[in-house]
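Order-wise, the sequence lines are chains X and S.
Going by numbering that gives the first Met the number 0, the first residue of the first sequence is number 0, and it counts up by one from there.
Going by numbering that gives the first Met the number 0, the first residue of the second sequence is number 0, and it counts up by one from there.
What the hints contain is simulated information worked out from the structure, not anything from laboratory work.
Hints are not guaranteed to be accurate.
[Claimed, not checked] Per label pair, the in silico range of CB-to-CB distance:
| id | chain 1 | residue 1 | chain 2 | residue 2 | range |
| --- | --- | --- | --- | --- | --- |
| 1 | S | H141 | X | L49 | 34 to 42 angstroms |
| 2 | S | K149 | X | G1 | 26 to 34 angstroms |
| 3 | X | V17 | S | D73 | 18 to 26 angstroms |
[Said to hold, decoys possible] From the derived model, a few chain S residues whose C-beta atoms are all more than 10 angstroms from chain X:
| id | residue |
| --- | --- |
| 4 | P64 |
| 5 | D72 |
| 6 | L81 |
| 7 | N89 |
| 8 | A93 |
| 9 | V104 |
| 10 | V107 |
| 11 | D139 |
| 12 | E140 |
| 13 | H141 |
| 14 | E146 |
| 15 | W155 |
| 16 | D156 |
| 17 | T160 |
| 18 | M170 |
Each residue gets a CB set at the ideal place from its N, CA and C atoms; glycine is no exception.
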Amino acid sequence: MGHAQNKDYSQRDYDAIVRDGEELISTHCCFCGMQCGMNIRVNKEDKSVLGVEPRYDFPMNGGRLCPKGVSAYRQAEHVERLKHPLIRKNGKLEQATWDEAMDLIVSKIQEIQGKYGKDAFGIYSGSSMTNEKCYLMGKFARIGLGTKNIDYNGRYCMSSASVGFNQSIGIDRGSTNPWSDIKFADVLLIAGSNTAECHPLSMPYIWGARDRGAKLIVVDPRQTKTALVADVHLDIRPGTDVAIANGLLHVMIEEDLVDHDFIQNHTTGYEEVKELVKKYTPAHVSEITGVAVDKIITAARLFGQAKTGMTMFARGVEQHATGTDSVSNYVNLCLVTGKMGKKGSGVATFTGQGNGQGGREHGQKTDQLPGFRKITDPKAREYIAGVWGVDESEIPGPGLSAFEMLQALGKEIKGLLLICSNPIVSSPTVGDVGEYLKSLDFFVCMDFFLSESAELADVVLPSTVWIEDNGTMTNVEGRVLRVKGIDRTPGETKRDWKVICDIAERLGRGQYFQFNSPEDIFNELRVASKGGTADYYGITYEKLDKMQGVFWPCPTEESEGLPRLFEDLKFNFPDGKARILAFEHKGPNEKTSKEYPIILSTGRVVFHYLSGNQTRRIEALRNLCPDPYVEIHPNLAKKYNIEHGEPIKISSPRGSIELPARVTKITREDMVFVPYHWGKSLAINHLTNPALEPKSKIPEFKVCAVKLEKIASHAGEKHG
Amino acid sequence: MAKVLYIDYERCIGCRACVIGCEECSGHDHLSRMFVDELNPGETVAASPTPCMHCVTPACAESCPVQAIAIADDGTVLSASLEKCIGCKNCTYACPFGIPRVDDVKKVMYKCDMCYDRTSKGRPPMCASVCPTDTIRFVDEHEIKSEPPKEVQFKWDFGGTVIETRTVIGMPDTETNRYGFREGDGVQS
Ligand code: SF4
Ligand code: SF4
Ligand code: SF4
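This is chain X alone, in the form it adopts within the complex:
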């Protein structure tokens, strides 16, 4: 049993090797939305974690793993794992008992809420955790604490894709197609995604398409490992995605490469777009984006002429003040050419966080209730109130979004519970965020390593690592899958879901949190999502095991889920038509100036995950990429007399840091690139612009204006 499409995936026909005295725990990687399957080698006797063994039969990755995946298990026995609760005493975090910690947490919650009202205690949650935990956090905030202020780090990740998909096609599933469909595309347009490094396990699919002769168009300011092998690399100036898409639309319309039947029967808004893009001639777009005219024309022809094709994008498109416009504009490319709802045709966003997809479906977003329901929708509120067994009025309204919440710390929000996130590395203006966290009356953090954020907490609770977790995750395709943990809790670690239920109990709200296992929570989640957009009702643990994961929506017990959306060409709007939306190019929120003449863009490297709290501790990964650097084009380096490896000062209106230069031709001359996986004085987020996209509230991480300076001690040593 399994989806028909599973045969088109990249699994391989081998079985795993089991060594003497060991057992294999089949689970999934804790990093990134590919959610690769893997086997963890565990000592049968003492349950210690020994290594990793490929799991060849999981459809998505067929045993393949990127360097993070191969070494992920090394966290489990890591010496720096938190094994006891910690309480701050005389300014220092000291070992404490669970009882002390829980008493303190509960009394502080009560004190703060008593004094300042329910909403004064907030939750900043994460998306690298199971669906069960994500759901529980949303419920705990509303019903356990009665606060409206819960949001999560996925806000920094894919919220623009979410809004963009919703406004264009009416549903927010990261991919309209199963990943195996990539192989059947005749053209792939990948924008703002260094797929090779950030989602390496997508490469077998992309190569699969290439082997069939598919053309590859990459839109990226850098010649990344993905762009290196493209047929056309549209090396745009950061922040000009709307313009480049308008340029492509212009050429396709001009040369009549559009699908008139599809437009006529299944979309609205085409005429408006046609009108708007008239002025986006290749020459004009070339001026805005810096991409050569002939490349724009070639790309448009390749895309327009292909029978099937997909547009795929990631944070390079989304983390902008115009992120949602850009997402919808890339979706437009598929809509005007009729590339939707069939094998090899559709749109996708690469999920950054492990459970970026599931994390945004089950109500830990401040404006949402489980199943992607709007928290302001009276019907949705009534339904969820029924599931939770409370009065509708008990469910608070929408609160502050992630970054707004951080800015409110110490002001409207006096107490904070942080779980599975490290905002002091991952937020813009991290220097200020540190101050906000310090201004809290009470700050409790749940994690398995002492992250930079946890270092500031009043209480730190030791969690289990993912290998010890049981539950479900939802991958980049919308495939819900099982993670099965080793049954152990080293030291005094506890499972997050139990701790949350325990706090609820102590707050007198235990009646709503009577769960005995993650499966219990999942079963409630199923009901809570029933009838919503992300409908999980028909998904059971049993079915997940049998089918190697099930795609949502899966509304009934008989249903086997829906790997490919829109095969009936009915989009999720009352009239069934997709929306072709028109956007003018506005550019980034912060423009370069005389004082700050260079564009800074940030992103990932293949060796690290998000804030680096986990991957920086894994020796093999740390050795491969120990520190951040500034990627700078030789011509720009020459202008500043900077040599490869030399430290330089890089500053924006918000702060400055010093990093070594990496001189390379892969980046544009008008920009520099810095990876963001480090904290404290190495955090590039000291510089980034906190400007938020108005609809998705994602900060504009991908563009800000900076200046470079040679560090004084080196100045004058060289001339010319």
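Based on these hints, arrange chain S with the ligands on the given structure of chain X.
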């Protein structure tokens, strides 16, 4: 049918999962035997992995004074035998690809042996198992040499001496993309 490594340079992203994966093989003492090099640093991000080339007539084995390097029935050139190796480093000089290394503490040579404990049981070596991009594949030797999917190389001319390797290299397509070999001029501004 004997299976060999097929390496398509063009696909390598330099992620070194193969290097870390190599450490996971039970015969490897958590010591990697795989090398990954950047082809043209500063110009492009192109990279390439180098496992043992498993020569048909291996210079390392031929140069070994104590015959510590065995060749398995399927042609795999194995790592030195712990009992025999005297750590003299002859093999490291003899190998034209620079593959064998000597552990100076244990005084023993180590090199890629195609994860013999895995391949002998019909599973691909760890590098080919984990490589996320399908750069390294474990394929039928005859097939890849006679009907390659693209231009391949498995005969190497070292100053007149031609060495045939069992590991097969797929050559990058430098016509349709610049990859790592043509002088790059970087992206435009
Ligand atoms: S980080 Fe992503 S691509 Fe790498 S092994 Fe984990 S899930 Fe797979
Ligand atoms: S694992 Fe594959 S892609 Fe990564 S460095 Fe090795 S050969 Fe290259
Ligand atoms: S180092 Fe060992 S394997 Fe190499 S030549 Fe000397 S004895 Fe032989």
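For this session: Determine whether the non-interface label on S:W155 survives the test: each CB of chain X must be over 10 angstroms from its CB.
Result: holds (25 angstroms)
Exercise. That 34 to 42 angstroms hint for S:H141 and X:L49 (C-beta), does it hold up?
Worked result: Cβ of S:H141 to Cβ of X:L49: about 37 angstroms, so the range 34 to 42 angstroms holds.
Exercise. Would S:P64 pass as off the interface with chain X, using Cβ distances and a cut of 10 angstroms?
Worked result: holds (34 angstroms)
Exercise. Beyond 10 angstroms from every Cβ of chain X: is that where the Cβ of S:D139 lies?
Worked result: holds (14 angstroms)
Exercise. Would the least Cβ to Cβ distance between S:L81 and chain X come out above 10 angstroms?
Worked result: With a cut-off of 10 angstroms, S:L81 remains clear of chain X, as the shortest Cβ separation is near 20 angstroms.
For this session: Could you let me know if the closest chain X CB is still more than 10 angstroms away from the CB of S:V107?
Result: Fine: 22 angstroms to the nearest Cβ keeps S:V107 off the interface.
Problem set entry | Interface exclusion of S:H141 relative to chain X, criterion Cβ beyond 10 angstroms | holds (19 angstroms)
For this session: Grab the minimum beta-carbon distance between S:D72 and chain X and tell me whether it stays above 10 angstroms.
Result: Given that every Cβ of chain X is farther than 10 angstroms from that of S:D72, nearest at about 20 angstroms, it holds.
Exercise. Taking the CB of S:K149 and the CB of X:G1, does the distance hold inside 26 to 34 angstroms?
Worked result: holds (32 angstroms)
Exercise. Taking C-beta pairs only, is S:V104 more than 10 angstroms away from all of chain X?
Worked result: holds (19 angstroms)
Problem set entry | Whether S:A93 stays farther than 10 angstroms from all C-beta atoms of chain X, as the label says | holds (30 angstroms)
For this session: Confirm or reject the statement that S:N89 sits farther than 10 angstroms, beta carbon to beta carbon, from all of chain X.
Result: Non-interface label on S:N89 holds, nearest chain X Cβ at 30 angstroms vs cutoff 10 angstroms.
The structure fails none of the hints (numbered hints given earlier).
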